[in-house]
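**Q** Given next are the chains, with one letter for each unit.
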Amino acid sequence: MYPHERSLVNELKDQPFALVGVNSDKLDRAKTAVEKNQLTWRSFQNKPDGQERAIADDWAVRGWPTIVVLDVDQSIRYRGHDGDAATEVVKELLAKATKKQ
Amino acid sequence: MKHTRSWLAIPLLLCQAWAQDAAEVSPAKQRLQELQTEYRQVIQTWQKQMQEAQKASETAKADDKPVAAISMRPDFSELLKKHIAAAKEFSGDDAVSFLLPAMNMGEKPAETREVIDMLLAHLDSDKLGQLGASLGYLDQMVDADYAKEVMGKIEKHGKNLPLLGWIAFHRGEKTLRSEPVKSEAYVTAKATVAAAIAKAGDKRLQSQFDELVVEVEKFGIGMAAPEITGVDLDGVAFKLSDYRGKVVFLDFWGDW
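Line order of the protein sequences matches chains A and B. For the first sequence, counting from 1, position 19 maps to 19 in the numbering used here; every step adds exactly one. For the second sequence, counting from 1, position 76 maps to 1076 in the numbering used here; every step adds exactly one.
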């Protein structure tokens, strides 16, 4: 998954686009993964210590990884497990957003 | 004469009580436990083989030699035979208890089919819940025609309410996932599935349905994303709405 996400972030770095993570690992493991794979995007901790509910529970996420694509108004435009399909939706949305401007 | 009999009955009764006490675990349960132990052993052996094969392949790579293939799943074939034999030896719910774990042991579709065909002889059992959860995957486990055949048999029998509930769920799921939430097709499908599930009384089925409904109605296409307020990996607070005005690829990830 990492190479796909990294190339997406690189390719779209000048566009109104953001990759945001929700990470399910123990904190030290997540940090190691970020360092080792040089991940540049920001991630929420799914369930920080002391918090009762996980973000994934609120979002009814059952399978990992799950990808949700949001448009500029934060409406859901894709939800699923297919990185390529999600990327396609992202590109369509960006094309629409740049047309408007 | 009567007296003698009742006197004899007391030690016999005691004997029976003792026997029950000692054999609290029924023969079927005991056999199942043995097979579960064997199942764990098969997995452990396979894990060991994987590790050794991994090492061997690293050495081979280092020496520039061809790398041997590693089996991607444990070999359950012997265990599958034992489960089937036990299912033939015992009857009713006991037979079912040997068949359910065997559903995923076969490597070939024909093996899965054999187990499920045997399960279908027990449609009066109320312990078939796990078969219900698998019904939606039968087209992948065996093939689409077989999936239809199995569901047809369950419907013809018509009395196993949990399984009928699962069938309604699997049939309705596609509509619920693809039709707009307010469309007639969606509303009708949801009502049909909900009615079948209410009769089924299967907790796992109920929660799968509830989750599906939340997923579709709250997180379907066009729905507003709920806010996330949280902290990043450094403990710094931020919000999902910080990214309003951008297209967001929200990635629920873990390092696996």
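Because the hints were derived from the structure by calculation, they are not lab data. Errors might be hidden in some of the hints.
[Stated by the list, open to error] Computed cross-link-like contacts, SDA-like style, restricted to lysine to any residue with a CA-CA straight-line distance of at most 20 Å:
(1) B/1182 with B/1199
(2) B/1239 with A/52
(3) A/47 with B/1232
(4) B/1088 with B/1033
(5) A/31 with B/1232
**Q** Please go over all the hints and tell whether each is borne out by the structure.
**A** Each hint, compared with the structure:
no., hint, verdict
1, B/1182 with B/1199, "violated (25 Å)"
2, B/1239 with A/52, "holds (18 Å)"
3, A/47 with B/1232, "holds (11 Å)"
4, B/1088 with B/1033, "holds (17 Å)"
5, A/31 with B/1232, "holds (10 Å)"
Checked against the numbered hints above, the structure violates only hint 1.
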